[in-house]
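Visitor: Chains as they are written, first to last, in the working numbering: chain A, -8 to 128; chain B, 671 to 920.
To be clear, the hints were calculated from the coordinates, so they are not data collected in a lab.
Quick caveat, the model's predicted, so the values are computed rather than measured.
Some clues are possibly wrong.
To be verified - For lysine-lysine, the following DSBU-like pairs were computed, each having C-alpha atoms within a straight-line distance of at most 35 Å:
(1) B:K840 - A:K11
(2) A:K125 - B:K817
(3) B:K688 - A:K127
(4) B:K840 - A:K44
(5) B:K688 - A:K11
(6) A:K67 - B:K744
Next come the chains, spelled out residue by residue.
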Amino acid sequence: MHEWALAEAVIETAIEESRKGGLEEISEITVQIGELQQIELEVFQFALDEIAKAHDEDSLLTNAKMRLETERAIFKCRVCGTEWDYRDTCVNEDEGEAIHFAPEVAHVYVRCPSCKSPDFEVIQGRGVLLKAIKGKR
Amino acid sequence: MVTDPRVSVIDRRLSGIKRIIAVTGGKGGIGKSLTSSLLALTLSRMGYRVGLLDLDLSAPSTHVILGIDSVYPKEEYGIIPPEVHGISFMSIIYFTGNEPAPLRGEDITNAMLELLAITQWGSLDFLIVDMPPGIGDASMDVIRWLKRAEFLVMTTASKVALETVKKVLKMLEELHKPIIGVIENMKMRESSAVQDELNGFNVPILGDIDFDMDLEDSIGDANTLLETDMATRLKAIAMNTPEFQLNSDL
C-alpha cells in the first residue's frame, strides 16, 4: 500500500494548512491525482479516511469529506514540441509499476512519439496534490 | 491553493533514525559514493542499524560498489527498503534498472521528494546519505529536507577539488548546518594543501586516506571491500572522531 504513504502526507499537510489558516473544522479536502502515478483510487480513499480518523484528536477532521479529482497526464517534448497523452504510450506492467512509485522514471521508459526523445516535460497529471481545503473558522 | 503534500511527511519518515550523515564534497569522482558505502558497511558490521540512501540520481553507484542486485523494496504503508549486507538500502535504481535516467533539475527534485516521502525506514541508528554532486538544486533540496543531517565532506588535495569544497563548506556554514569534518581522499603524496586551503574554516580535518591501487578489484564484493586499506582507514578515522559518537550510547 504505497497509497497509504501518500495519503498520510495529504492528511499531515491538510492539518498543517488548516492550523495556519485558523480552521477549527475541515468540511472538505480536495486532492488532485495525476494519472501518471496510477494511484488506486479506492485504496487511496480508504487510506485517507482511516488516517483522518486516526489523526482526529481535536475533531478537526471528524466531518471531513475527501474529494478526489483525477487529471490526465500529458507530456510535451522539449525537442520537437509534440504533446501526447500518457495513455497513448506503451509501457509494460513492470515499467508502469516503477512509474507508480516514482513518476519521474517515465523519462526512462517513455519516448516522444514523433522524435523519440526522452527530453520531455510532464505538463500535467504528475502525482498527488492537495488542491483545496474547506472548513469553518 | 495547490500544495505538494510530500514535504510535510519527510520528518515523520525520518523520525525513527537517530543520526543522519550526509556524505558530500561538491565534485564528482572524489569518493563520496565509496565512502558512503564503506561507512554504511562498517557501521553495520559494528552492530549498528544502518540505512544507505543513494541520492545521486543522475549517476547512482552505491549498488555497484556493494554488489546489490536482484532485490526490490516491499510495499507496506509506503515502501520498505530491502536489507542487503545488513544495510537497509534505497536507490532510484529499483525503478530505473540499469537504464539511463535523463532527468532535469525539477525531475530530480520530484524524484528525491517521492523517495523521501514514501520510504519507511523504521528504526535506525544511522542513515548514510550519498549526496548529489555540486551545490545545485538537488543538493540544496536535500539540505533543506534533511533537517537533522550532519555533513561529512570529502575532498582530494587537488586544487580543483578544494576550490569546490571551499564553496560547499561556506554554504553549509552559512546555512548553520553541522559539519562533522573533512576527509582527504586518494592521497598520493605528503602535502599540506588541504590544511592550507581550509585554514579559514572552523572545520576539523579528520584524516586522510591513501590512494588505494587495489580498491577497484574489490568493487561489488562487500566482504572484500571491508578488507581494503580504504575501509580500514575510514573505520579508524570514524572511531577516532568524537563527533561520530561511536560505541558511546549504542
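Visitor: Taking only the CA atoms, is the gap from K688 of chain B to K127 of chain A under or equal to 35 Å?
Guide: 39 Å, violated
Visitor: Between K840 of chain B and K11 of chain A, does the CA-CA distance stay at or below 35 Å?
Guide: Holds, at about 34 Å.
Visitor: Would you mind confirming whether the straight-line C-alpha gap from K125 of chain A to K817 of chain B stays at or under 35 Å?
Guide: 31 Å, holds
Visitor: For the pair supplied as a hint, K688 of chain B and K11 of chain A, is the alpha-carbon distance within the 35 Å limit?
Guide: 29 Å, holds
Visitor: Mind checking the alpha carbons of K67 of chain A and K744 of chain B for me, to see if they're no more than 35 Å apart?
Guide: 33 Å, holds
Visitor: Check the hint pairing K840 of chain B with K44 of chain A against an upper bound of 35 Å on the C-alpha distance.
Guide: 46 Å, violated
Violated hints, listed in ascending order, are 3, 4; each of the other numbered hints is respected by the structure.
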